[in-house]
Amino acid sequence: MTAPTGRTPGGRGSLARLGFSDLEAGRRDLAALERYGPPPPDALLAILGRAADPDAATAALLRLLEAAEEARGDGGRVLLGELLEDEGFAMRLLGVLGASEALAEHLGRHPEHARELTDPTLGSTRPPAWAVRADLLRAVGADPADDLPVSAGPDAGAVDALRVEYRRLLLRLAARDLTHDVAVDDAAAELADLAAGTLDAALAVARSRVGEQHALARLAVVAMGKCGGHELNYVSDVDVVFVHEPVEGASPDAALRAATQVASQMMRICSEQTGEGTIWPVDANLRPEGKSGPLTRTLASHEGYYERWAKPWEFQALLKARPVAGDLALGREYLDVVTPFVWTAADRDGFVEEARAMRRRVVEHIPARDAERQLKLGSGGLRDVEFAVQLLQLVHGRADETIRAPTTLSALADLTRAGYVGREDGEQLHRAYSFLRTLEHRIQLHQLRRTHVVPDEEVALRRLARSMGYYNDPSASLVKAWQGHRREVRRLHEKLFYRPLLTAVAQVPGTEVRLSSAAARTRMTALGYDDPEAALRHLEALTDGVSRTASIRRTLLPVMLHWFAEGPDPDAGLFRFRRISEALRESPWYLTTLRDEGEVAERLAHVLSTSRYATDLLEREPRGVRMLLEDLAPRSAEDVGHEMAATASRQDSREKAVRAIRVVRRRELFRIAVGDLLGLTDVADVGRGLSRLTDATLQATLDVVARGVAAQRGLDQQPARLAVVAMGRYGGFELSYGSDADVLFVQEPVPGADPAAAAGFAQAVAHDVRRLLAEPGADLPLVVDADLRPEGRQGALVRTIGSYAAYYARWSQTWEAQALLRADAVVGDEGLRERFHALIDPVRYPAAGISDEGVLEVRRMKARIDHERLPRGADPQLHLKLGRGGLADIEWSVQLLQMRHAGRVEALRTPQTLAALEAAGAAGLVDAEDAAVLADGWRLASRTRNAVTLVRAKGGDELPRDVRERAAVAAVLGYPPASTDAMVNDYLRSARRVRAVVERVFWE
Amino acid sequence: MGKQEEFVLRALEERDVRFVRLWFSDVLGSLKSVAVAPAELESAFEEGIGFDGSAIEGFARVYEADMLAKPDPTSFQILPWRDEGPSTARMFCDVVMPDGSPSYADPRNVLKRNLARASELGFSFYTHPEIEFYLFKNAPEPGVDPIPVDRSGYFDHTAQSMGADFRREAITMLEAMGISVEFSHHEHGPGQQEIDLRYADAMSTADNIMTFRTVVREVALSQGIWASFMPKPFTTHPGSGMHTHLSLFEGDQNAFYEAGAEYQLSRTGRQFIAGILKHAPELSLITNQWVNSYKRMMFGTEAPSYICWGHNNRSAMVRVPMYKPLKGQSTRVELRTLDPACNPYLAYSVVLAAGLKGIKEDYELPREAEDDVWTLTDRERQSLGIDPLPESLKEAILIAEDSELLADALGEHVFDFVLRNKRAEWADYRGQVSAYERDTMLPVI
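As given, the protein sequences belong to chains A and B, one line each in that order.
The letter at position 269 of the first sequence is residue 269 when you use our numbering, and the numbering goes up by one with no holes.
The letter at position 194 of the second sequence is residue 194 when you use our numbering, and the numbering goes up by one with no holes.
The set of hints was computed from the structure by calculation and includes no laboratory data.
The structure displayed is predicted, hence computed values, not measured ones.
Cβ atoms here follow ideal geometry from the backbone N, Cα and C, with glycine treated the same way.
Just to be clear, a hint being listed does not mean it is correct.
Claimed, not checked - Here's a subset of chain B near chain A, in silico, CB distances under 10 Å, partners left out:
#1 E6
#2 P98
#3 N109
#4 G310
#5 H311
#6 D402
#7 D408
#8 G411
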C-alpha cells in the first residue's frame, strides 16, 4: 500500500464523497486510528468508501483494534499494519465491518478471527463441504474420521466452541460474499454446507450428552426446505426430519428412545442461547404428523405414513429432502423410500387445486402492514417463484427425470432448458430471483436476524443499497430495482404455466424448445381445462400465422389462459374468446386494447368464462369489448334517454328508429351485466338499472311511434296524451335480465279532440310500440306485457283515464288492488301520470286497510298459486320465485302488510319490496329480525335468479339442474370451486328461514 | 394414482379378490353397497362409480339422480366372512356430484364438514362406543315373539354359553377387519350382549360402527341365530343403547383435562357438556331416531330420560366417569342417550355441533345432579331445573323442526329429509292398533 501522504486524512468534503454520513464522527474516528499507526492513506480511505456503511465500518475497525490491543500488547498496531500492507485483507475486513453489525460484534469479542480474512485463497476458493464439517467437528473435540464422532471434553465448552467456530466460518463466507462477487446460489449452497457441518458437530456433542446408549440406533438427519435444497439463507430455521433404525440386537423401543434423545439434544445444542449466542433454531415440524408426531421414525414408519396419510404439500416438501448429517447411508435409504411418492403426488386428486389454494392462503395471511415490504411472501415475492418452480416440477417431473433438481435456480434452469418454461421468462425469472435472494441475504447479514422485510429507514436502506453496489443515489436506486424485479416476478408468475403451451401448437419464432403435445395436454388438464384437445385446437387457431396480430395474441394468450382457468368454465371461455377474436379479426384496435389495457383483458376473460348471457350480447356486436374500458355503473335514465332520442331522430323510418333504440339498449344491458358479473354493481342497483333502462327504451319508442302514427294519419297534433304504467317487478324497480316488462297503457284525449280518433290513435301507438320492441332481430327483444290491464286480454289495450276510474270504482277485485301496489307510471305525459297515481291511490291504499274478507281472499289466492303455478316437475325447494321461501312468499307478505296498513303508514306506499319492508320494520309491523330475514332472503333469491340468467342466457326461476351451469352460478355468486352443494345449502337455509317468517307474517 | 390406490390394486391381485363392495350409508344409517369387479376399480378411484342417487333413501332429488361413489382406499379391507374360495373386499365411499363437489346428502360428508369445523377451532373429536344388542334363537317373523338365546344376566359367565361363543367369533372377525375391541360382556337382558370398540377419531368410529353392525349380523347368521340392534325389543327387559365416550383433543393434548380442576374436567369440557345438555331435546331426533327408540328411554337404569349430568351418576344423561390418576389423556364424558340404531355419522355430527356451540358461546354448565334422578318427584326435578327429554318421536320432531343447530350441522338437505321421513314414520305408527290396546280393551269393552 502506498505510503501516507502526510496531509490530514479526509477533509470534510472528501469524507462526504466517500460516503460518510456523520462527517464529524467520521473525522474523529479516522483521527483516532492514528493511535495504532500512521494516518490512513488514501487507498485505505478509498476502500472504506466502498464499504456498505463507511461510518459503521470505521467505528467497528476502531473497536476491533482496541480489542486486539487489549488481547495482546501491540495487537492493534500489528493488525492495522497488516491492513495497510494487504489491500485484499483490507477490502474483506472493511467490507464485513460495514455490512454486518453482528459480525463486527463477533470480531470485537474474538479479534483473533480478523486475521482469518488475510487468507488470500478466500477470493478464489470455495471451501469443500467435508473440510467445513471437519473444522466444526474438531472444534467440539471430535474426530472427523470417526464413524460416529463423539465430542470430548466439557459439554459447555463444546457448545460454546461450536458457536465460535460457526461464526468464524460464517465470517470467512461473508467476506467472500461481500467482496468477491460470489453468485447468490453459491453463497446459499455454502451456507447449506455450513449448516450441514454444524448439525453433524451438534450430533457429536449430543452423543456425548446421551452417553453410551446413543449407539443403539443409527440416526440420520435429513434436511428439508432451504437447507435440503442446498440454498440456505444467512439466518433461517433449518428444517430437518429424523430417521432411525435400531442397530442389530437393539430392541426397537430402546433404539427409539436413544434416537429421540440424540435428536432432541442436537436440536437444543443448535438453538440454545449461551454466552456465545445461538446458531439457529432447528425445526422438525415437517415430519409426519408435524408437532404431534414422534420426533424420529424408522424407515418403515415413514413409508407407512406417506403411503396412507400425507397431504400434497408434504410431498412438495419432500422434493427438497437431502441427507446431511448422521448416518448418511441411512439417509439415502430414506430418500429411496420417499422419492417415488414425490413423483406420484401430482396424480392425486385435486393436487393442483390444493397447491394453488395453499398459495392463496399464504398470500392472504401476510399482515397487511408488512405486505408491501415483504421479500418472501408478498405478491411477486420469493415464494411465488419457488412455488411455481416446484409446481412445474411436480406436474412434469414424473415423466421427465431431468427436471428434478432440488435447488430452485437449478430447477428453473432445467425447466427452461427442457422447454417447460419459456427461455426469456426463465432467464428473467432467474435474474429477478437472484436479485431478491441477494437482497434478502444482505438484510439478514446485518444483524444476523431472520427477517424478510425490506427496512424503510433511510440509513438501513442506504447501507443495503451500497452493499449491493448502488453507490449513486443508493436508496432510491435500490427501491426502484427491487420494485422492478417484483413486478417482473408478478408478471411472469402468471404466465409461466401458460406461455410454453403456445410452443406446443404454434411455430414460435426464436430458439425455444417446443413443449410436446402430450406434456401440453397434461398441463392443460392440471390447469383445469376439461377438454385439452379442443383447447389446444383453439390455441392453435388463435396463434396461427406470423403476422403482427398473431404475435400480439401470442403475448396476450398466456395471461388470458390463466384468467380463463380461474373462471368456472375455462373451456367455454377459450372457445368464446376465439369466436370474438375471429369476429374482430379486421379491427386493429381490438388486440392492442387488450394488450395495452390489462384490465380490459382480465374483465373480458372473466365475462367469457362465466356468462353466456353477456357473451351473447357481445357476440351480437363484438365492438362492445371497448365498453370494458368504461365505467360499468348503470347509467342514468336521462342520459340513456337523450342518447336514444338523438340516435332515433337521425333515422328515416319508425322501424329503423326503434332498431337504433334497441342497439343502445343492448349495449347498456351489456354494461349492467358486466358490472354485475364483476361484482361492481349491487343487486338492488342491477334491478334499478334494468328498470331505468326499460323506462328510457319505452319513452324513446313511445315518442318515435306517436310521432310516426300522427304523421301517418295526417294529424298536426297528437289527439291524445299517452302514459305507460310500470307494473309488477318492473314497477318495483326490480327487473331481472330475463323479465318481461309488465305495463298498463293510459290515454287522455286532448281538449277538443274527437274521443274516437283519440282512442284509435292511442290503440295504434300502443300496438306498434309492443310490436316494434318485440320483433326478433339482432338486438334482444323487449316483451311488453299488458295482461294485467282491466279485464285482462279481453279488455282494451289502452283505456282512457276516465275509463280506469270507472272500472276501479265499480269492478275492482282484490287481486287488482294488489297488483296496483306495484304500479308506477313512469313513461309518457307527466300530468297524466300524476293523475293516474291520484286515481289509484285510494284503491290500493284503502284508508282503513282491507277488510277481513279481503285478507282471507289474498290468503286463499296465495294458497291456490302455491299449489297451481309451480311448473310441472319443478322442485318446490329450489324454485326461486314460487318455491318454499321464494320471491313470491316474500312479496306477498309485504303486499299484504301494505294493503292492511298503507292507508295509515305513509312510508309503506312504495312499489318497491325492500323499501316497503324497511318501512314495515320501522313502523313495528314486523319485528326487526323478521324484516332482516325477509330482506336477505329477497336479495339472495334475486341475486341467484340474475346469476342463473347470466350463466344460461335465458331466464330461469329455478336453480339449474345441469351440473356445470350450477357450478357457474355458484362462481357468479362468489363461491370457491367445488362448492355447488354449499351454495344450494345456503339457499335452502335462507329459504327455510324466510318460510318460517312468512308463516307468521302472512298466514297468521 | 396414489400409492394407496396402487396398494389396493396389488392386494386385489394377490388375494384373488373377485368382488369389491363399495359401501356408503343412506341418510337413515342403513349400509348401502355397490359391488364392482376389480377391473372397474381403477376408474372408480379416478372418476368414481356412477349410481342412481334417487334410489337411495334421502340422497337426491329425482332429476339430479346421477351421483358418484368414490372409494376411500385407506378403508380397504378383505371381508373375513367368506373364507373359502375367492374373497370379497370392501371400501367406504364418499359420495360426490358429477362436478366433483361433495354431496351434502352423504352422511360421511356431513360428519366431515362438522369435523372440519372442529378442526378450525383446533380440535379433533374422538369417540368410543359401547354397543349393545340382542341375540335371538329365531329369525323375526310377523306375530311370533323373539326368543333370546339365553337367560343370563349382567356379566354372567355361563359354561358353553352361546353368547360367549358368539362374542368370541364376532371379536375375532372384527379384529380381522382392523377394528379393535376393548371389552365385551353379557348385559342385563337375556341374550343381550355388549361389545365396546376402542377409542378412535369420530370418522373411523362411525365407519367402524357401520362395519360392526354388519359383522355382528353376519356372524349371528353363520351360527343360526339372529342379532338385532333394535333399541327396545322387549317390554320387560332393558333396551339396547350405545353409550358413547366423547373427548376433544387439541394437538396431542386432551382438551377436557385440566389438572386440579373438579373431576380434572377443564373449562372446555364443562362448556362442551353444557352445549350437549342445552341442545339435548333438539338432538333427540338424530340420536334416537325411531318410534321404538323412545320406549327404551322411559324405564330408568341405563337409559336417561332427564337432561342432567353427574359424576359417576348412572342416572344422568351425561356422565363424567371416574378419573384415573396419571391418565390425563383419558378424561372424557359419556353420553348415554344414543342408541345403536342411529346413523352414527349424523349422530356424532350433531353431538359435536352442540358441544362446540357450548364452547364457542361459553355456555354455563348447570349444577351437577347428585341424586338418582329417577327417584325424585317431578316437583323436585323441576325445582332443580332438570327437564325431561322428549318422550316420543312426535315430540322430538316438533322440537327439531325449529332447530337452527340441527339444520346447520346436518345441512339443509339432510335436515329436511329427516324431518319428512320421521313425520311419515310417526303418521304410520299412529295408525297402528297394537296388541296392548286389544289386550286391555277387548276383554272389558
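For each hint, the structure was consulted:
1. E6: 8 Å, holds
2. P98: Hint holds; P98/B Cβ to chain A Cβ min 5 Å, cut 10 Å.
3. N109: N109/B check passes; min Cβ-Cβ to chain A is 8 Å, inside 10 Å.
4. G310: Violated - the Cβ of G310/B stays beyond 10 Å from chain A, reaching only about 32 Å at its closest.
5. H311: 30 Å, violated
6. D402: 8 Å, holds
7. D408: Result: holds, 8 Å to nearest chain A Cβ.
8. G411: Nearest chain A Cβ about 5 Å off; hint holds.
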